[in-house]
Amino acid sequence: MRKRNQYTTPLVLYRVRKSLKFALLIALLAIYLIPIYGMFSLAFKPRAEIYSGLFELTRVTLENFEEAYRYGAYSAITNSIIVTVGGVAIALVLAVLASYAFSRFAVKGKNILMFYILSTRMMPPITLIIPIFIMFFNVGLKGTYLGLILVYAMMSLPLSIWMIKSFIDDIPKDIDQAALVDGHSTMFILFKIIIPMVIPGIAASAAFAAIMLWNEFLFALLLSGVDTKPTSVLLSSIRGERGFNWGRVAAIEVVYILPIIILVFWLQKYMLRGLTFGTVRR
Amino acid sequence: MGKDEYIIQVEKIAKTYNGRRVLNDISFALRRGELLAILGPPGSGKTTLLKIIAGLIKQDAGDVIINGRIVNDLPPYERGVSLVFETLALYPNMSVYENIASPLIAEKKDKEYIDRRVGEISRLLKIEHILGRKADKLSGGERQRVAIARALAKEAEIYLLDEPLSNLDAKIRYALRTEFKKLKSLLGKTIILATSDPSDALALGDKVMLLFNGAVIQEGPPIDIYYAPRNISIARYLTGNILNEVSISIDSYGKSVSMDVGQEFSIDPYFLKVLREVGETSITLASYADGCIVDKSVESCSGIKVAGEFIGYEYRGSEYLVYARKGERVFRSLRASLPNVTFGERVEVCIPHTNALLFSGKTGSLIR
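Protein chains in written order, with our numbering: chain A, 1 to 282; chain B, 1 to 368.
No lab work stands behind these hints: they were computed from the structure. Small disclaimer: the values here were computed from a predicted structure and weren't measured. Please note that a few of the clues may not be correct.
Restraint-style ranges between C-beta atoms, simulated for each label pair [as the list claims (entries may be wrong)]:
| no. | chain 1 | residue 1 | chain 2 | residue 2 | range |
| --- | --- | --- | --- | --- | --- |
| 1 | A | F115 | B | R31 | 47 to 55 Å |
| 2 | B | A14 | A | K173 | 19 to 27 Å |
| 3 | A | S185 | B | D110 | 13 to 21 Å |
| 4 | A | T186 | B | A14 | 49 to 57 Å |
| 5 | B | K126 | A | K21 | 55 to 63 Å |
| 6 | B | D110 | A | M122 | 36 to 44 Å |
Only pairs whose alpha carbons sit at most 27 Å apart, straight line, appear in this in silico DSSO-like list of lysine-lysine [stated by the list, open to error]:
| no. | chain 1 | residue 1 | chain 2 | residue 2 |
| --- | --- | --- | --- | --- |
| 7 | B | K126 | B | K137 |
| 8 | B | K134 | B | K108 |
| 9 | B | K326 | B | K305 |
| 10 | B | K181 | A | K192 |
| 11 | B | K273 | A | K269 |
| 12 | A | K173 | A | K269 |
| 13 | A | K192 | B | K362 |
| 14 | A | K173 | B | K108 |
| 15 | B | K12 | B | K58 |
| 16 | B | K58 | B | K189 |
| 17 | A | K173 | B | K171 |
| 18 | B | K58 | A | K108 |
| 19 | B | K108 | B | K126 |
| 20 | B | K181 | B | K171 |
| 21 | A | K269 | B | K362 |
| 22 | B | K111 | B | K134 |
| 23 | B | K326 | A | K192 |
| 24 | B | K189 | B | K137 |
| 25 | B | K273 | A | K192 |
| 26 | B | K126 | B | K111 |
| 27 | A | K110 | B | K362 |
| 28 | B | K126 | B | K182 |
| 29 | B | K137 | A | K173 |
| 30 | B | K111 | B | K189 |
| 31 | B | K273 | B | K189 |
| 32 | B | K184 | B | K273 |
| 33 | B | K126 | B | K109 |
| 34 | B | K326 | B | K362 |
| 35 | B | K362 | B | K296 |
| 36 | A | K173 | B | K134 |
| 37 | B | K58 | B | K126 |
| 38 | B | K184 | A | K192 |
| 39 | B | K137 | B | K171 |
| 40 | B | K305 | A | K192 |
Cβ coordinates follow ideal geometry from the N, Cα and C atoms, glycine included.
Sequences are here, hints too, so could you generate the full structure?
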């Protein structure tokens, strides 16, 4: 009997522990997912039912989305897309060229330069905002797409360079050398051989940069104009005539998060590889 | 013999990496159509030497002369060389066709010419059926062939092959060896092949150059390297460290002879004569497996005879590699059939003096 106990007690304990872990996970999941559910539910609720319970949904309506459209949400989304795509595109072009050079050529002070590039990301962005604002104001970039795109490219460049360089480092140098013996130019090697091989790395860094820029608020708030205001800024300034119009806010949020969710699903296999860059061998 | 007859001359090439001398005054010269096998263990500097010839690594000193012209400052594609990398270095994102056509595209040849040339070479290497496949979807043997095909597609004077047969299974290895010989005689091209496998070097090379720790320790036709290795470490390397070795010593009066394999032995007077002639007190007698006899009893042995114990055998297709042991010493003999003995039974090992290589006991260098 005693022997039996020795075995059964830990089994019970194990089951209890397992259930507790499971419960904890459910609770955590609820904490993360309920707000998102709430957002979707609010967005599709009729205005009159906004203050009814979170889980009560008698009728699905698109009136909040119409409201959001009238409020200029869709042009804000377009602005978000323009500055994000622009920033990511410039950053990627520069990052590919820079990381190829850092990976393959004898650049003087390579390590220091690489650290310097990374260190620009260590600075709190708020410390840069005043000089950049004054500078942009003086040269007429404030309120333009180009201004925000340039700042965004600068913000996403360090991570992109580091990530893409790690992918290029993984490609054996013999492949470049084989192409040199064949008689190809450096540009041919980069564009026809190296870049096609680091597409996953470029995709991963594009995804990370896009997420960061899509959510960016501080620079957008100060550097965008009335017509170039991205969604993050629009959301912060939203106010109805009689207090907050929560249905409209939720509708804008729904439209705002959809593109980035689609992007993440599409690129998630590359992002995982991007997150572990340098740590695993392919 | 005029210097201009050489297609390539390498003169006193030296290279140091991080304070370590990886190549030390390497010199050689080759005529058109010759095949030089550079043989050496991994890390002996073979790849570095080939890359210096190709122009991918800059030497610290010395000259590379191709067709009578010093090419030290020329970029790789202007040197008229083609290189098969040890890592193969195929372009994984491209098809087999694109890989082979790569040097021709770089030379801006027209489409028709490229098609024809890729066709010819892929037929020669029997890879026509995989031309459309991606390079990263090939088997080991196929990848090796594609790498060789890409190198051959380039109209070069000299083809450099870095370990072209390593990591291949025996069947493909033998097939490719035959193909290299065919390529050499068919195309009449000069080939420099680096390998760490003595059997590849001896089988393929018109000349073999032994490279140890960045220095040339012996150079010559394969038969000379095999039958007259300059010292015992070369002989050991050629057999993969399983050389049959016996050490013979003579006392200072020249009377009493002893061997390091115990008391039970017989020795041909020839060896004593050699010992006296060279004035050494000890010599090491060595033989390859094909020069050693292991049998139940060896009646007439005009060499040294040692009694040992039969410990095993390997079947090698048409012949057997038979193992015998005396104390710690292991002897190997290549035979057409197995000796009529069971494991652990007494056998006699005979190394006839005609098959024996004699090395100085003191310096290890070849005596005769």
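The hints, checked one at a time:
no.	hint	in the structure
1	A:F115 with B:R31: 47 to 55 Å	holds, 54 Å
2	B:A14 with A:K173: 19 to 27 Å	holds, 22 Å
3	A:S185 with B:D110: 13 to 21 Å	holds, 19 Å
4	A:T186 with B:A14: 49 to 57 Å	violated, 28 Å
5	B:K126 with A:K21: 55 to 63 Å	holds, 59 Å
6	B:D110 with A:M122: 36 to 44 Å	violated, 54 Å
7	B:K126 with B:K137	holds, 17 Å
8	B:K134 with B:K108	holds, 23 Å
9	B:K326 with B:K305	holds, 11 Å
10	B:K181 with A:K192	violated, 34 Å
11	B:K273 with A:K269	violated, 77 Å
12	A:K173 with A:K269	holds, 26 Å
13	A:K192 with B:K362	violated, 59 Å
14	A:K173 with B:K108	holds, 24 Å
15	B:K12 with B:K58	holds, 13 Å
16	B:K58 with B:K189	holds, 25 Å
17	A:K173 with B:K171	violated, 30 Å
18	B:K58 with A:K108	holds, 19 Å
19	B:K108 with B:K126	holds, 26 Å
20	B:K181 with B:K171	holds, 16 Å
21	A:K269 with B:K362	violated, 64 Å
22	B:K111 with B:K134	holds, 20 Å
23	B:K326 with A:K192	violated, 62 Å
24	B:K189 with B:K137	violated, 30 Å
25	B:K273 with A:K192	violated, 70 Å
26	B:K126 with B:K111	holds, 22 Å
27	A:K110 with B:K362	violated, 52 Å
28	B:K126 with B:K182	holds, 13 Å
29	B:K137 with A:K173	holds, 20 Å
30	B:K111 with B:K189	holds, 25 Å
31	B:K273 with B:K189	violated, 48 Å
32	B:K184 with B:K273	violated, 46 Å
33	B:K126 with B:K109	holds, 23 Å
34	B:K326 with B:K362	holds, 23 Å
35	B:K362 with B:K296	violated, 34 Å
36	A:K173 with B:K134	holds, 20 Å
37	B:K58 with B:K126	violated, 36 Å
38	B:K184 with A:K192	violated, 32 Å
39	B:K137 with B:K171	holds, 21 Å
40	B:K305 with A:K192	violated, 67 Å
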